[in-house]
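Let's have the full structure, built from the sequences with the hints guiding it.
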Amino acid sequence: MSDFIANFLWTYQTVLSQVAINSLLALSMYCVLATGQLFLGQVGFMAIGAYCSAVLTTMLGMPLWVSMPAGALLALLVALLLVQPMLRLSGVYMAIGTIAFGEVIRSLAINFDVLGGALGISGIPQSLPQTALYAMVIVVAAILVCAMHSRLGRAVEAVRTDELAAQAMGVDVRRIKLISVLASAALAGLAGAAGAHSMGTVTPNDFSFVSSVAILSFVVLGGVASPLGAILGAVLLTLLPELLSSFSEFRTMINGLAIVLVVLLLPSGLFPLKIIRIRGNAKRR
Amino acid sequence: MFAQQLVNGVVLGAIYSLFSLGFTIIFGVLHVINLMYGVFFALGAYVSLWAAQSLGLGLIASIALSAVVTGVAAIGLDALIVTPLRRRKERYLASLLATMGMSLFLYALLTRFFGAEPMRYPSGFSSETVLSFGSVSISVLQITIVGIVLVVVAALFWFLKKTRWGVAVRGVGDHETAALLVGLSPFRTTALVSFIGGSLAAVAGTLIGLNFNAVQPFMGETMMLQGFAVVVIGGLGSMPGALAAGMLLGIIEILTTAYISSAYRDAVTFALLLATLWVLPQGLLPTSTARRV
Numbered sequence: 001m002s003d004f005i006a007n008f009l010w011t012y013q014t015v016l017s018q019v020a021i022n023s024l025l026a027l028s029m030y031c032v033l034a035t036g037q038l039f040l041g042q043v044g045f046m047a048i049g050a051y052c053s054a055v056l057t058t059m060l061g062m063p064l065w066v067s068m069p070a071g072a073l074l075a076l077l078v079a080l081l082l083v084q085p086m087l088r089l090s091g092v093y094m095a096i097g098t099i100a101f102g103e104v105i106r107s108l109a110i111n112f113d114v115l116g117g118a119l120g121i122s123g124i125p126q127s128l129p130q131t132a133l134y135a136m137v138i139v140v141a142a143i144l145v146c147a148m149h150s151r152l153g154r155a156v157e158a159v160r161t162d163e164l165a166a167q168a169m170g171v172d173v174r175r176i177k178l179i180s181v182l183a184s185a186a187l188a189g190l191a192g193a194a195g196a197h198s199m200g201t202v203t204p205n206d207f208s209f210v211s212s213v214a215i216l217s218f219v220v221l222g223g224v225a226s227p228l229g230a231i232l233g234a235v236l237l238t239l240l241p242e243l244l245s246s247f248s249e250f251r252t253m254i255n256g257l258a259i260v261l262v263v264l265l266l267p268s269g270l271f272p273l274k275i276i277r278i279r280g281n282a283k284r285r
Numbered sequence: 001m002f003a004q005q006l007v008n009g010v011v012l013g014a015i016y017s018l019f020s021l022g023f024t025i026i027f028g029v030l031h032v033i034n035l036m037y038g039v040f041f042a043l044g045a046y047v048s049l050w051a052a053q054s055l056g057l058g059l060i061a062s063i064a065l066s067a068v069v070t071g072v073a074a075i076g077l078d079a080l081i082v083t084p085l086r087r088r089k090e091r092y093l094a095s096l097l098a099t100m101g102m103s104l105f106l107y108a109l110l111t112r113f114f115g116a117e118p119m120r121y122p123s124g125f126s127s128e129t130v131l132s133f134g135s136v137s138i139s140v141l142q143i144t145i146v147g148i149v150l151v152v153v154a155a156l157f158w159f160l161k162k163t164r165w166g167v168a169v170r171g172v173g174d175h176e177t178a179a180l181l182v183g184l185s186p187f188r189t190t191a192l193v194s195f196i197g198g199s200l201a202a203v204a205g206t207l208i209g210l211n212f213n214a215v216q217p218f219m220g221e222t223m224m225l226q227g228f229a230v231v232v233i234g235g236l237g238s239m240p241g242a243l244a245a246g247m248l249l250g251i252i253e254i255l256t257t258a259y260i261s262s263a264y265r266d267a268v269t270f271a272l273l274l275a276t277l278w279v280l281p282q283g284l285l286p287t288s289t290a291r292r293v
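Protein chains in written order, with my numbering: chain F, 1 to 285; chain L, 1 to 293.
Source of the hints: derived by calculation from the structure; they are not laboratory data.
Every residue gets a Cβ at the ideal spot worked out from N, C-alpha and C, and that includes glycine.
Pairwise CB distance ranges (calculated):
1) SER90(F) x GLY134(L): 46 to 52 angstroms
2) ILE60(L) x GLU242(F): 48 to 54 angstroms
3) SER137(L) x VAL210(F): 35 to 41 angstroms
4) SER90(F) x GLY147(L): 36 to 42 angstroms
5) LEU55(L) x PRO85(F): 48 to 54 angstroms
6) GLY147(L) x LEU81(F): 44 to 50 angstroms
Laid out in structure tokens, this is it:
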């Protein structure tokens, strides 16, 4: 039995890593969607984290436990610089502004020779054990679940459902949005770094607009009711194309259609609000 | 040299203006983000290519046929994907995602049908004469492109300002509930807007295909993000804003390619977009619809 498990883990190594990384990205997207912001700049922060960690390990020979947090930290710093102008935008303007941010980062990565141009960086040490990867997912998910069941979580929900009402109740809307964007950026940076060390390569094309849409679709499938929904969405949408790998030439088509069907048929995602929010509805009667 | 680049920039800018105009009408009237617009752009280019190659039609006839065919396809696709989402509270998020998913599907479909290699219009389809004015040379094709854009834009403005149907479209854009109360058919106006959007994208796609003499399935994907940027810089839903911003970005893009590097083309566009949003969160020419976001 243990042989079977070991064999299984070895065969599906790449897929399993991908599931964990996509879960981290889904949690990152969850942070902003939970406050109702269409913030789609995650791929940009992911690229910052991935390139930072890749450069630190391949060119400066730093160990993984320094380079990965450094990647997340750099993403956080960039987010701190940009968060003020970004929070002035809302709705579609925020969506396109943050998409533009991702594209600018990607163009910069292509144009910097140090970062390998369009080919990116390869030969990144793949020494990140899968257990560490899954431990990260569990820790982050646990933190987010606790946060969502605290005072902060109720404030986040209030901001999403009705910003004006939340403000009238004394919720510091700006601060909540700021926290959610910064958390999302740091998480995306961490996921980017983790991705770099599990795939061994980083190319600018990993951070395109299509990747943003994929991350967004995880959370939309899972629903914004709980961070666990986001993870469920990521797991399902990462495994689905693998299960259908015999149709690999139709893969893009299947992915596209899956997104369309999810949006059209499951408006509130797989995790409907009612099941999760036991405490939230108690006072409403 | 500079004058020559400026001429090329104006030609590209004219096409961008046309493309952005259709996207901004869809946003301004239907209040959704329709990323399938990029597919219509590529589809339009392929339909006119097919009309030129297989039916042997001339330039104007091919463009007209392509506009009608793509417009009808747009009505069908919009009714299937976009219309069910218009009543949702998160319709921007939902329409962005659903139309992006459908675009992925349709781009893959186009690639299966036509292959990923760029295809060219048959020789002699457009005039190859080049006129020289001192150091500046302008091809007859460039003049034709700008001429077609001017005619289409003028016709569109006339349609929206002077005809009953145009007034209906603007009415739905201003206040949908009020428009329904005075008896406008929501189905008919939605279909009309989809048709206009699809046709404008088809004309723009054909003109881009002619300008660079290459038609590819994914030509719409890059154009879509550029067009999205143009529309936001001009103010979402503002038609004059889209025209001005399209022209501006076309010229800037050509000048960046000529004097800096083609690799920085996209970076400059999006940096300009971020700068615009920083200074004017509502775009260059804000409209009343833009504020409703």
